[in-house]
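Colleague: Listed below, chain by chain, are the residues.
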Amino acid sequence: MATQFRPTFAARRSLLRAFPNLRRNSGRKPKWRLRSPLSDSYQCVAWAACRTDRKWWPVHHTQFYWPPNLPRITPPLLPWIPWPPTPVDYLVQGFATLGYSHCDRREFEFGYQKVAIYANDGGATHMARQRFLGNGWLTKPGDLEDIIHGDLKDVEGDMAVAAEKYGQVAEVLKRSWWSAITNLCLFRCVWHTLKFSAWRLWWGALRVKWRAFP
Amino acid sequence: MATIPCPHPSPLSESQDWYHPQTPSPESRPVSGYEIKKKLRHRHVKRSYVSKILAARRRKLYNEAIALLLTTQDVIAPALPAVDIKQRFLEQAEKWSRETRHLSSPAQQMMHPSYQAILGMGNENPRAIISLMIRDMQTSRRPWFWALSYFAQENPVSQSDAGKTDKMIKAWVDWEKARQSS
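Same order as they appear, the protein sequences are chains A and B. By the working numbering, the letter at position 194 of the first sequence is numbered 194, and the numbering carries on one by one without gaps. By the working numbering, the letter at position 27 of the second sequence is numbered 27, and the numbering carries on one by one without gaps.
Note that these hints are calculated values from the structure, not bench results. Beta carbons: idealized from backbone N, C-alpha and C, even for Gly. Possibly wrong hints are sitting among the right ones.
Claimed, not checked - Rough simulated footprint, nothing fancy, chain A against chain B, three-plus residues with beta-carbon under 8 Å:
| id | region |
| --- | --- |
| 1 | 101-107 |
| 2 | 110-118 |
| 3 | 137-149 |
| 4 | 159-170 |
Unchecked claim - Anything over 10 Å on all C-beta distances counts as not near chain B; from chain A, calculated:
| id | residue |
| --- | --- |
| 5 | A170 |
| 6 | L186 |
| 7 | W199 |
As the list claims (entries may be wrong) - Using 27 Å as the maximum straight-line C-alpha spacing, the simulated DSSO-like pairs for lysine-lysine come out as follows:
| id | chain 1 | residue 1 | chain 2 | residue 2 |
| --- | --- | --- | --- | --- |
| 8 | B | K52 | B | K39 |
| 9 | B | K86 | B | K170 |
| 10 | A | K153 | A | K31 |
| 11 | A | K174 | A | K153 |
| 12 | B | K86 | B | K167 |
| 13 | A | K195 | B | K167 |
| 14 | B | K95 | B | K170 |
| 15 | A | K195 | B | K170 |
| 16 | B | K164 | A | K195 |
Given only the sequences and the hints, what does the whole structure look like? Please build it.
Modeller: The following block contains the structure:
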């Protein structure tokens, strides 16, 4: 099953273990929250592109989708040879097809939607998308649950490749709201928000707390 | 006046019988604090002596057992359980998915030691590992697509289904069925 529900405390525990910075600003009221159930149908790059039907990554292999006629990394012929690092520029070129361009500021700007690319010493690792009205960033960490977090630093980590963290923000891209509407991103975002809200209500009906941290 | 003995004697021993309390004899009872301490010390010394002897005996047995294990290889071999490839695969796969579940980059996922260990198993016995991976994809949906395409030397997933987990799993399951039927 592509979608899997698990108890809130289990989801939060695994996310906090992966991203200790989320705990940093978590006082009495945490500044991050779960947004969706567990899903392996999409990951961070697909979610930054407002897609939930397939996984995106610039690789010459059918395990991941990438817009055609764009540069991608080639996996090694022998499996024990390390994979080449994914250049941040490949992700920038891929998102340029969706209307994004380079941006110097990571703060919210009215009329613009932003995405951030994370990278460590081994190349690009992750992407996060800013919410339409700027109140938080949306992250889909691998196959775990979507989260909304207040700051880009919340999911940052060690720069070493062996640390298995996301590194730091290397690039911020932005596009206009009009471009987001023409690329159907706004429609998809509203649809997913409604879908996830319905799931949350269903969990509420089952008397399982979704937001509260035990 | 003669006392008549009780026909139902008390089941309690004399020391527990509250009705006829037995006063300890003056020679067995310690009379001073010093004597009490001396008795306790003596008991402590006795206990520590016994424990020392037991520990020495245990140490000697351990040393003999280790010497036996080191000198004869045949003793070690049956002691270790025979772990089959399926069990090793499932252990490593579980560890891999647990530790890389939050990662999106394939380079980070596939350089994990557990993934490399599974690839090593596949070099020993590729047919068994292909079957195990496809069965594992059906049950746990772990993404073995790149490793499968390396071991099978082909890729049944079409370009239009790239990145769609359900369709990729279905393509590999169909490929396995076709391979078994042929």
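Colleague: Each hint: holds or not?
Modeller: Outcome of the hint check:
Against chain A, the region 101-107 of chain B contributes 7 residues with a C-beta closer than 8 Å to a partner C-beta. That satisfies the three-residue criterion, and the hint holds. Note: the region 110-118 of chain B has 4 residues with beta-carbon separation from chain A under 8 Å; the three-residue rule is met and the coverage holds. Note: the region 137-149 of chain B has 6 residues with beta-carbon separation from chain A under 8 Å; the three-residue rule is met and the coverage holds. Residue count for the region 159-170 of chain B with a Cβ under 8 Å from a Cβ of chain A: 8. That meets the three needed, and the coverage hint holds.
Every C-beta of chain B lies more than 10 Å from that of A170 of chain A, the closest at about 13 Å, which supports listing it as non-interface. Against chain B, the non-interface label of L186 of chain A holds: every CB pair exceeds 10 Å, the least being about 23 Å. In this structure W199 of chain A is separated from chain B by more than 10 Å, as the shortest Cβ-Cβ distance comes to about 19 Å. Of the pairs offered as hints, the one joining K52 of chain B and K39 of chain B holds, with about 20 Å between alpha carbons and a cut-off of 27 Å not exceeded.
Between K86 of chain B and K170 of chain B the alpha-carbon distance is near 22 Å, which keeps this suggested pair within the 27 Å criterion. Taking the CA atoms of K153 of chain A and K31 of chain A, the gap is about 12 Å. The hint holds against a cut of 27 Å. This hinted pair checks out: K174 of chain A and K153 of chain A have alpha carbons roughly 18 Å apart, not beyond 27 Å. With a C-alpha separation of about 25 Å, the suggested pair K86 of chain B and K167 of chain B falls inside the 27 Å cut-off, and the hint holds.
Distance check on the hinted pair: K195 of chain A and K167 of chain B sit about 22 Å apart at the alpha-carbon level, within 27 Å; holds. About 25 Å separates the Cα atoms of K95 of chain B and K170 of chain B, which keeps this hinted pair within 27 Å; it holds. Between K195 of chain A and K170 of chain B, the direct Cα distance comes to roughly 26 Å. Compliance with the 27 Å bound is thereby established for this hinted pair. Only pairs whose Cα atoms come within 27 Å are accepted, and K164 of chain B paired with K195 of chain A is accepted, the gap being roughly 20 Å.
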